[in-house]
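Enquirer: Residue strings, one per chain:
2 protein chains.
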Amino acid sequence: MVYKEFTKQEIIDMDMYYRIQLINSLGGFKSICLIGSKNKEGQTNLGIFNSVFHLGSAPALYGFVCRPANRERHTLENILETKNYTINQVHHTFYKQAHQTSAKYQRETSEFKKVNLNEEYIGDIHAPFVKESKIKFGLELEETHNMMNKNTILIGKVIHVKVEENLLDEKGFIQLDKADTITGSGCDAYYKTNFLERLAYARPENEDA
Amino acid sequence: MVYKEFTKQEIIDMDMYYRIQLINSLGGFKSICLIGSKNKEGQTNLGIFNSVFHLGSAPALYGFVCRPANRERHTLENILETKNYTINQVHHTFYKQAHQTSAKYQRETSEFKKVNLNEEYIGDIHAPFVKESKIKFGLELEETHNMMNKNTILIGKVIHVKVEENLLDEKGFIQLDKADTITGSGCDAYYKTNFLERLAYARPENEDA
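Quick note, the sequences are listed as chains A and B, same order. Each step along the first sequence adds one to the number in the numbering used here, with nothing skipped, and position 79 is 1451. Each step along the second sequence adds one to the number in the numbering used here, with nothing skipped, and position 128 is 1500.
These are computed hints drawn from the structure, not numbers from a lab. Honestly, I wouldn't trust all of these hints.
Pairs involving identical chains hold if they fit within one copy or between any two copies, as the list cannot separate such chains.
[As the list claims (entries may be wrong)] Once the Cα atoms are required to be at most 27 Å apart in a straight line, the calculated DSSO-like pairs of lysine-lysine come out as:
1) K1564 x K1550
2) K1522 x K1412
3) K1412 x K1455
4) K1564 x K1543
5) K1550 x K1468
6) K1380 x K1455
7) K1543 x K1529
8) K1455 x K1522
9) K1564 x K1468
Model the full assembly from the supplied sequences, consistent with the hints where possible.
Expert: As structure tokens, this is what we get:
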């Protein structure tokens, strides 16, 4: 098998667009979620993110990466202002609409209207959920961490969960392929999935993997 | 459609095992990677992680979450000691072996041997790569960030990339389904993927998503 290799210096010297594609492809498949937020004036915002990660279950915590605030970052501004947001899974039926939220709309434009997805409100949670999403949760901002490249990692506590009942098994597991949740790679590639299996808790004695 | 909902208090009061499954399922599909490391004495370690995320491409940075060091965490200890590690994509041919690396082996046991994957060394990079992986990269530790739940986020700079040449297009993009890279959800579910498409850079004027 023929391999292509890039050294530290070649990565630094690489054409910027080539490096963006290459580096974004290296880490495997990505979570694709829509993050809903609303400022104090009631202006809603919806943005697609591919860096949502699970941090813990007790307390229930999720993180995601926000790009530098050197231009308008409506999601980041709204969350810092209200401490409140929603994360909504993206399914095959609306992944193109989800992608379109990445366009640079003006602050006074709601991506919900522009891409034709519906706002949904639950209890006293300030931020909008995506009505079309089958698996979604509300969060309260707990921590922010500043990264060396001026990105910010936001950590939030899960304060509400809403899931289509037929996707949830008796032990709390949700089979995401049944929901037609999509995954992504690079900056702009989308995929469906086929379930392989769930593997048993690994112990040192089961070595015949 | 019938939904199941869980309030903030219900999430706190939930059976621990149910909460682990539920909360782990919420964020969508996950990157599944093997992280290779080696301590100063030459003892290698290989661990499966589902929290690898892209942080930036200039400089080229990746992050991942390490659980609390309240018991032996060989990957974390090795990386803090040597500032050096590798991230290797997991393909359909060896995902069961990758899963088995999550068993609690003793420090003096190398998961490479136990699960029958091969170490590969590139240049002067101290940590082992996974020979069987088609897409892999070496990193230098740049930053650590302590989270409220005692997890640590490690941020590393990409210092070497090795990719099967036939997977890489002329613009730097790698089509991961062609590599049979797998994705995961929850704690233990694995999936193959089917490519849908790459979408064009979104602009406000293309509203017909």
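Enquirer: All the hints need checking, so say for each whether the structure fits it.
Expert: Taking the hints in turn, this is what the structure says about them:
1. K1564 x K1550: both (11 Å within a copy, 14 Å between copies)
2. K1522 x K1412: within (25 Å within a copy, 32 Å between copies)
3. K1412 x K1455: For K1412 and K1455, only the intra-copy Cα distance (11 Å) is at most 27 Å; the inter-copy one is 44 Å.
4. K1564 x K1543: Both: 25 Å inside a chain and 23 Å across chains, each within 27 Å.
5. K1550 x K1468: both (19 Å within a copy, 22 Å between copies)
6. K1380 x K1455: between (39 Å within a copy, 15 Å between copies)
7. K1543 x K1529: This pair counts as within: shortest intra-copy Cα distance 21 Å, inter-copy 39 Å.
8. K1455 x K1522: both (20 Å within a copy, 22 Å between copies)
9. K1564 x K1468: both (13 Å within a copy, 21 Å between copies)
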